[in-house]
Structure formats: structure tokens, C-alpha cells
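Peer 1: Starting from two chains that each stand alone, build the complex the way the hints lay out.
From first to last, the protein sequence lines are chains A and B. Counting from 1, one number per residue, gives the positions in the first sequence under the UniProt record's numbering. Counting from 1, one number per residue, gives the positions in the second sequence under the UniProt record's numbering.
If you are wondering where the hints come from, they were derived from the structure by calculation, not from laboratory data. Take the hints with a grain of salt, since some may be wrong.
[What the hints assert, rightly or not] Listed next, the stretches of chain B that the computed footprint assigns to chain A, with coverage defined by at least 3 CB atoms under 8 angstroms from CB atoms of chain A:
id : stretch
1  : 115–127
2  : 266–274
3  : 277–288
[What the hints assert, rightly or not] Dumping the calculated PhoX-like pairs for lysine-lysine here, alpha-carbon to alpha-carbon at most 25 angstroms:
id : chain 1 : residue 1 : chain 2 : residue 2
4  : B       : LYS258    : B       : LYS113
5  : A       : LYS50     : B       : LYS154
6  : B       : LYS113    : A       : LYS4
Idealized CB from N, CA, C, for every residue including glycine.
Listed below, chain by chain, are the residues.
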Amino acid sequence: MRTKPGVRALQYVAVVVYLVFLGFPLLWLISSSLKSPQEFASITPSLLPKHFDVSNYSDALNEQGLVRGLGNSLQISIYSTILVLIVALPVSYALARFRSRLRPLTNGWILVSQVFPVILIVIPLFMILRPLHLTNTIPGVVIVYMVWSLPFALWMLQGYVAAVPRELEEAASVDGAGRIRTIVSIVMPLLRPGLIATAMFTFISAWNEFFFALVLLQDPELKTLPLVLARFVGAEGQVQFGPLAAASVLATVPSLVFFAFLQRRLTSGLLSGAVKG
Amino acid sequence: MTATLTAPAPAKKKGGRPKANREAILLFLPALLPVLILSVYPLIRGIALGFTDARAGLRVETNFVGFDNFGKLLQNNLFWDSFRIGVIWTLSVTILQFVAALGLALLLNTNLKFRGVARTLALIPWAMPPVVVAIMWRLLLHPTNGPVNEVLQKLHLTDHPINFLGDFGTALPAVIVVGIWVGMPMTTITLLAGLQGIDRTLYEAAAVDGASTWSQFWNITLPQLRTVIVAITSLDMIWNFNSFGLVYVLTAGGPGGKTMLPMLFAYNEAFRYGNFGMAAAMGDVMVVIIIAFLFFYLRNRLRSEA
Numbered sequence: 001m002r003t004k005p006g007v008r009a010l011q012y013v014a015v016v017v018y019l020v021f022l023g024f025p026l027l028w029l030i031s032s033s034l035k036s037p038q039e040f041a042s043i044t045p046s047l048l049p050k051h052f053d054v055s056n057y058s059d060a061l062n063e064q065g066l067v068r069g070l071g072n073s074l075q076i077s078i079y080s081t082i083l084v085l086i087v088a089l090p091v092s093y094a095l096a097r098f099r100s101r102l103r104p105l106t107n108g109w110i111l112v113s114q115v116f117p118v119i120l121i122v123i124p125l126f127m128i129l130r131p132l133h134l135t136n137t138i139p140g141v142v143i144v145y146m147v148w149s150l151p152f153a154l155w156m157l158q159g160y161v162a163a164v165p166r167e168l169e170e171a172a173s174v175d176g177a178g179r180i181r182t183i184v185s186i187v188m189p190l191l192r193p194g195l196i197a198t199a200m201f202t203f204i205s206a207w208n209e210f211f212f213a214l215v216l217l218q219d220p221e222l223k224t225l226p227l228v229l230a231r232f233v234g235a236e237g238q239v240q241f242g243p244l245a246a247a248s249v250l251a252t253v254p255s256l257v258f259f260a261f262l263q264r265r266l267t268s269g270l271l272s273g274a275v276k277g
Numbered sequence: 001m002t003a004t005l006t007a008p009a010p011a012k013k014k015g016g017r018p019k020a021n022r023e024a025i026l027l028f029l030p031a032l033l034p035v036l037i038l039s040v041y042p043l044i045r046g047i048a049l050g051f052t053d054a055r056a057g058l059r060v061e062t063n064f065v066g067f068d069n070f071g072k073l074l075q076n077n078l079f080w081d082s083f084r085i086g087v088i089w090t091l092s093v094t095i096l097q098f099v100a101a102l103g104l105a106l107l108l109n110t111n112l113k114f115r116g117v118a119r120t121l122a123l124i125p126w127a128m129p130p131v132v133v134a135i136m137w138r139l140l141l142h143p144t145n146g147p148v149n150e151v152l153q154k155l156h157l158t159d160h161p162i163n164f165l166g167d168f169g170t171a172l173p174a175v176i177v178v179g180i181w182v183g184m185p186m187t188t189i190t191l192l193a194g195l196q197g198i199d200r201t202l203y204e205a206a207a208v209d210g211a212s213t214w215s216q217f218w219n220i221t222l223p224q225l226r227t228v229i230v231a232i233t234s235l236d237m238i239w240n241f242n243s244f245g246l247v248y249v250l251t252a253g254g255p256g257g258k259t260m261l262p263m264l265f266a267y268n269e270a271f272r273y274g275n276f277g278m279a280a281a282m283g284d285v286m287v288v289i290i291i292a293f294l295f296f297y298l299r300n301r302l303r304s305e306a
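Next up, chain B with everything else stripped away, as it sits in the complex (with noise of 0.2 angstroms):
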């Protein structure tokens, strides 16, 4: 999912002559009829699906209910619970993973030693089945016998072991540290593949100028790198918001629905409670949302850049 940052270079050759569309549709055939079935009008029909009742079940009459859905939901407060749960786990991780990324790129784009190594371990977390990665955290955060509290207590921040994904209070925070360890890497590789393609020159001009390394990177870097920040954190906002499976798999939206992100609602709304209509409209809602935020997130950074 990370190459949309890997546009290719438009090709040059003028095309549109008859011929040339002809054949391009030709070329296109095979993949059309399976992505305009399984992709374009199951995506149409969910958004639809949104102002209707429908349910699971297979002879239920499904009637169109205009905003009714809509209705309900602005007066569910379990869903205002868990799009506020969505929009802290969204910010937080999207931000926390950023810093940290940027200063694991920041390292990586010096002349350390053993960079290569470096480079390919960040990457690992990338490419591990996220329920395993949801199996690994639980070993690592499992009260009685895992690393992490054995180490607090070894170091006596704690006296008595913490259940992290189970308490009310430490479920968020464990799973937005979760969530930062796995979105990390390929923030880090895509801030790292900005980070070399500044020109060199303009620090050495600045350290000419007596420019501080702080400044450099301020005045510099930051300034450079804002067009691969603003996509790197636009997609991971958007990858965040729609997570799923890991948290799932961690706490399932526990303790007392304390993780329920927004998508693990909309699911246990569709397939535990036959609500499709309902969840549909979840999805709606999900989607205004993004394109919201998105319109208003890049509205403002390309205006500044200009």
C-alpha cells in the first residue's frame, strides 16, 4: 500500500489516436470486468447501503430509510465513544510514529556505521502478518510472564505487574505503542528516501553562513522534506483510521470497549448483529471524515508551501 509514492514518470509519447485507445482498452479488458464487479459497485452499493435497513439474512427485505441511520448514530453515544477512541488512536499514532520516524531517518541518512543492517531490521515489522504481530505484543505485554513487566519491576517502576491490554486505563496507550511499531518502518524509508534527495548544497551554503545544525534543520530539512511529509502523513492517517485486523487480534476492542476503534465497531455491527445498513452508514460517516480532514490537512500544507 505504499506505492502511491511511487508515481511514475508520465509517459511523453502523445497518444489518443483511435488505434492507440482501441488498443488500450483491449489491454484493459481483463482487469475491468473483475475491478468494476468486485471493487467499484460493491463500493457504490456500500455507500448506498448506508441509507437503507438492510440486514444479514438471506430473503430480508431491504427498504431505502433515507437518514435515518444517520438519525441513530448521532444519538448512539457508544459511537461517539468509539470515534473519539478512532481520532485519539488516528492522531496519536500518525504523530508519535512521525517523530519517531523522522528521527530514525534523520540517523540513518548520517554516515554511521552498520547502516545497511539498521536499514533492513527497521524494516522488518513492515512486512510480519499483523496478526502475529498482535500474538507477539501480547506475549511482550502479558502480565505474568512477559519482558516488559518484568523489566519495570525489575527497575522498580512498578510493584505489581500491569495487565496493559486489559486495564482501562493502559489498553489505549499499549495499542497506540503497538500501532507506532508497526507503521514505522515505512514511514521511516519514505522520510529517509526525502532526506537524500535534498541537495547537499544548501548545507553547505548554510554551514558557510555559520548556520547552527538546528537551524540547519529547521530552515533546511523541514522546509525540503514537506512535500513527502505531507503524503507519508495523509496515508498514514488514512491507513490508521481504517485499521482493523491488529487491534482486533490484541484486545478485540476491549476492556469495556475501551480500543474500539471505529472499524471494529462498524464490523461487530455488520457481522456479529446482522446490521448492515447500520454499519454501512458507519462507513459513510468514516468516509466523510477522511475526505474532510484530507480536504482541510492539504488545503492548508500546499497553501503554506506556496
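Chain A on its own, in the form it takes in the complex (with noise of 0.2 angstroms):
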């Protein structure tokens, strides 16, 4: 079909018109935090900053707080997606490969963890982890998120073990191999794409969580990235947009170089899935 000349003029306005107000704001934090603190104070800003101004960076990473919420979030995400991936993977292979009474009581668990207000879990869990003395702690923030990303990573990774031709591991369950032999060498390396990818999604969804960190740690020392974001904002008055901003796009990067690995893989899962739906 030939798309007429006025139609097709008026669907690239259209797509700059989503462009601008989908891509304007990351480029307005980024420009705001290359600008130098006179410019900001300027009431007529600009998009480009007059000269590229890196200070703020440093200010940002001078201070102590933000470095310290830096380290305790690589901790928490690196930890939580090491899990992660140690228990989802035979749950997924499970999941993937046996007809049992397990599953729709799985999917069920799934579901229903999307449809509950996280008020009603973490009141209990906060009640559960303090007399284990882990609220506070590393480890209680990771084996809450481990649990809070497994259904995600159990959905994305049922995919993939489905995908591994079933032939393979029937020839090695003839050579003599068992379960978990066969999973551990056969499985297991043709999924690495799909581990990859569940990786990095968990540790994405760890690095940006905010809620249960919230809730699960007061001590100043063990905040996360996020939490030492929040507080500056909260502190506002007295708080300097410039570093601000270079901590915020700090913190996106880990988030956006992963995601533009998964940026393809992700839309063509989406894609068989929603075509089968």
C-alpha cells in the first residue's frame, strides 16, 4: 500500500513529536549536569550548556554519601542476581520440562505477586527480618529482592529451557547421564544467552529498586544509590542541582548499557510471546 506524501509528512512529525517528549528529558538531565553552577542559576536555560562543565561530576563523586550508596547498590545487585540465577535456573528447567502439580501453582504465586500492593508483604517481611537481626543489612535487602525478582526471571528463563531442543537431552540421558548432569552439561550452556539476559534483568530491576530498600534499611553507611538520591532531593533548598544531575545519570548508566545488550533480545521475546497470545 503507497502511502500518500502529506500522510506520510505528517506520521514523521508525529514520530519527532514522540521523540521530543520521550528523549528530551534525559537530554535535559544530561546537559544540566555538564553546566556549571552560574549557568543553572540562569533564568533563561539553555538545552546546551555555554561550555561543558565536568566539576559537577567530581563534586558528585566527592561525596561520600554517593559513593557509598554506589558501592552498597553494585553489592546488593551483583549478590541478588547471583541468586537469583542459582534458583531460578532449576525451577525454570522444572517448570519448562515436567507437567507437574507445581506448576500452575507456581504461575499462580506469579501472578498473584503482581496483583498485591507491596504494603502487604513488606510490613511482614519488616517483621519477619528484624528479630533475624537482617533488617539493616546487605544480606536481608538481597534475599528480599532475590525473592522479589524470581518471578520475573522464572517467566524469562521457562522460555529459553523451553526453547533447548529436547532431543539433546534424551541422546545424553541414553549415553547415561542423569538429571542434573544433563542440565549442568547440556542445559546449561546452550542457555547462556537466556542466563545473560535474566542477569541482567535482575540486575537492573535490584538497581533501581526503591521501595523495599526504603522500608529495610536506615543505617546512613548501607543505603542504596537510589535512597542517597531521594534524600538529596529531599533536602532541596539547599541542595545543588548540578551534582544532582551528574549523580542521577551515574546512576542510570549501569541501567541503560545493560538494557541496550537486552534492548533487541527483549522486543523479540515480547514479540513470539504476544503473537502466541
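Peer 2: Right under this line is the structure:
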């Protein structure tokens, strides 16, 4: 079908409007992070900084709380990602390969965990973790994140497992390999792309997470990057926008880098899923 | 939180043999314990807490109080306000986001140039930490040196800077715009996936019959997309109703409670005032509302599909 030139032009205009709406905020944030304090105070802000000034970044990195927050966030995200992979791999294998009664139960749980407001979970969690001395600790947050990102990891991984040809496993079992052996030496290598994608996703969700961290971490030494940033915003008036913008950009970089890797896989995965549904 | 839409195809092999079952349970074990302790049990206990007078603090006695909390909630005007704000927020964000996302998805589904770039750019808001999104929009909407006010004044749409997030009248609409911005990518990409699944020949047949673009949209695109639309709007609705971090950092529920979403209200009740029981009761009310809503929405949608 041929589109009329007038319509085509309108379509381009519409796409540009969308992209400005979606992209401009991030551009502004980046440009703000590169502006000098004097330029920031100007009442006629411009999109491009007049002089590129990286001092906001060095200021942000000199802020002790921010660097500590960065370290805490890194630790928590890495540990919870590793834990999620260890736990999710066998379960997603079982979900994809066995028709057991646990499957509808698991799927039900995944659904329920989406519908219920986290406030209902966080209060009892707090009450369970406190007597175990796990509130205000990094391990406490790590296990909460693990359980919290598990539904998502399971959905992702079981799709990848289902795509591994069953014949390979049957061949291995004919050769006398047990189930665990088969999973480790046949399925796992083939699952590498799926494991990487799941790991990145888990990392991003832990890195970005705010609510559980807010409730579970009160100790300023342990606060994650989002908590540190949010506290800076709360102290408005004294806060300097430049370093805040720079810190925000730094906090976004890991998510965006992983996301860039994931993007293709993600859209194609969603495509195949939605077409089936 | 998106993969709910990517249900894998069910395994074909008939299992159910005792050995296979035992193996399955073995594989489930490492996940079972943490999930039971940190997800299933807290959830049940959370629901039950709504019927108690539990308070923060280590040695506080907790009593069963039946429906007392719910009675108090019914008489609490602040709760009703927050509830009303929650409904306005949820419906506005979900509906506007859906319309905007459908438009973008339709555009991305045509053979425009730079489609790949556009698609990648369109997904960025999704990967950003909600706290950063909130900070970014506070910069954008800043009354004195934010670009939004600058542009509005240049265009003479306003003669004084507007404190979008601080004025009673503009705070909720401003927060809704940010909500749309955050959620649009997910909705767009899902709708786009749905669009690409529609059989091309339907359009060709319609074009032969002389159907206009508009009538093709109404009679082919929308009906074909129905399942995807129902799925993504339901999820959006749930996520928006339960959303917390974004608005917490944007406005903290202010000014004067004008953006006090139910989750923020419940959070304050629990962790600022220490009323765990009361906050859990609010959570219970939210669950009932979500389930009731989903029930009616899905029932009507699925019925009209049949």
C-alpha cells in the first residue's frame, strides 16, 4: 500500500513529537549535569551548556554518601543477581520440562505477586526480618530482592529452556547421564544467552529498586544509591542541582548499558510471546 | 515485570510419572524455602494483619480486632481522598498512556525511516531508575530554571512561572504526565508486538473491498489487538494503582495531600505513624478493589470477544 506524501509528512512530524517527549527529559538531565553552577542559576536556561563543565561529576564523586551508595547498590545488585540465577535455573527447567502440580501453583504465585500491593508484603517482611537481625543489613535486602525478582526471572528463563531441543537431553540420558548432569553439561551451555539476559534484568531491577530498600535500610552507611539520591532531593534549598544531575546520570548508566544489550532480545522475546497470546 | 505476557508454550511431554514428579520437586526445592518464607507467608500474614491492631515496636501486644480497622477507614476522610486520587491517577495514566502508546506503536509499525532508532529511544524511560526519573522531572518542571516554564513563557502561554509540582491545581496533572512518560515504552512495545502479529492479508482483502484506513483501523486493527489490549491495560492498571517510588520522590504526596496515592498513604500510616494493622487494612482494601476491578473488566472484555 502506498502512503500519500502528505500523510507521510504528518507521520514524521508525529514521530518527532513522540521522540521529543520521550527523549528530551534525558537530554536535559545530561545537559544539566554538564552545566556550571553559574549557568544553572540563569533564568534563561539553554539546552546545550555554554561550557562543558565536568566539575559536577567530580563534586558528586567527592560526596561520601554517594560513593558509598554506589558501592552498596553494586554489592546488593550483584549478590541478588547471582542468587536469582542459582535458584531460578533448576525451577525454570522443571517448569518447562515437567507437567507437575507445582506448575499451576507457581504460575498462580507469579500472578498473585503482581496483583498484591507491596505494602501488604513489606510490613510482615519487616516483622520477620527484624527478629532475625536482617533488617538494616545487606544480606536481608539481598534475599528480599532475590524472592522479589524471581517471578520475572522464572518467566524469562522457562521460555529459554523450552527452546532447548529435547532430543539433545534424550541423547544424553541414553548415554547414561543423570538429570543434574544433563542440566549442567547440556542445557546450561545452550542457555547462556537466556542466563545473561535474565542476569541483566535482575541486576537492573535490583539497581533501580526503591521501596523495599526504603523500608529495610535505615542505616545511612547501608543506603543504596536511589535512597541517597532521594534524600538529596528531600533536602531541597540546600541541594545543588548540578551534582545531583551528575549523580543521577551516573546512577542511570549501568541500567542503560545493560538495557542496550538487552533491547533486541527483549523486543523479540515479547514479540514471540504476544503473537502466541 | 513484563514477562507475564510472554508465557512460554506449554511442554508437550506428558509427565506425571512418580519419578519425574520427585525430580521436579527436587528441582523446586532451592526456591521453595525462600519463596514460602519471604513471599507466601508474608502475604498471608499481611492480609491477616489488617484485622489486628499491630503496631511498630518490638514488644507491643497485638490483638485481633475484626473489622475495626475497616470501620475506621470508612470514616476517615483522608483515606477517601487518597482513594479518589488513586483512582483518578490510575485511570488517567492508564487510558492516556494507552492512547499515546497506540499512536506511537501504529507509527512504528509503518515503514518509516529511523524506525529502529525510534524504537530504541522510545524504550529508554523504562530502564531508568524511578528515583532518577523523578529527579529529572523535578528539574524539568522547576518553577525558576526549568525548561518547561521557560518554553511556556516564551510562547506567552503564561505570564508567571508555574510551580507545577507545588501548586494544588497542577500537582496531580503534572504527576500524571510523568506517570505516562514512564509507562509508555512498555505499553508501546507490547502493542507493537500485537500489531506485528496481525495477518497482513486481512488488510489486503479490506483494501480490495475499498475500506478506508479509518475503517480498517476500527474493523481489523482494534478487534485483532483485543487480547493484547486487555492484557496490557490490566497490567498497567495494577502497576499504576500500586505505584509508589515515582510520586514519593516527585511530591511525597504533597502539596496538601493532593497527590497522596493509596500506597503513599499506607506507607505513611505504617512507617511514619507505626500503625501496621491500619496500613495492612488499607492494603487489603486495595487488593479487594484490584480484584473486583479485574473481575469486571476481564469478564466484560472477554464476553464481548466471544
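Peer 1: Between the stretch 266–274 of chain B and chain A, see if three or more residues pass the 8 angstroms beta-carbon test, and mark the coverage as holds or violated.
Peer 2: Coverage by chain A holds for the stretch 266–274 of chain B (4 residues, Cβ < 8 angstroms).
Peer 1: Is the listed coverage of the stretch 277–288 of chain B by chain A valid when you require three or more residues with a beta carbon under 8 angstroms from a beta carbon of that chain?
Peer 2: holds (count 7)
Peer 1: Taken at face value, is the distance from the CA of B:LYS154 to the CA of A:LYS50 at most 25 angstroms?
Peer 2: holds (20 angstroms)
Peer 1: Does B:LYS113 pair with A:LYS4 here, judged by a C-alpha cut-off of 25 angstroms?
Peer 2: Holds - the C-alpha atoms of A:LYS4 and B:LYS113 are around 15 angstroms apart, at most 25 angstroms.
Peer 1: Given the proposed pairing of B:LYS258 with B:LYS113, does the C-alpha separation stay at or below 25 angstroms?
Peer 2: violated (43 angstroms)
Peer 1: Three residues or more, CB to CB closer than 8 angstroms: is that satisfied between the stretch 115–127 of chain B and chain A?
Peer 2: holds (count 10)
Violation of the numbered hints given earlier is confined to hint 4; every other hint is satisfied by the structure.
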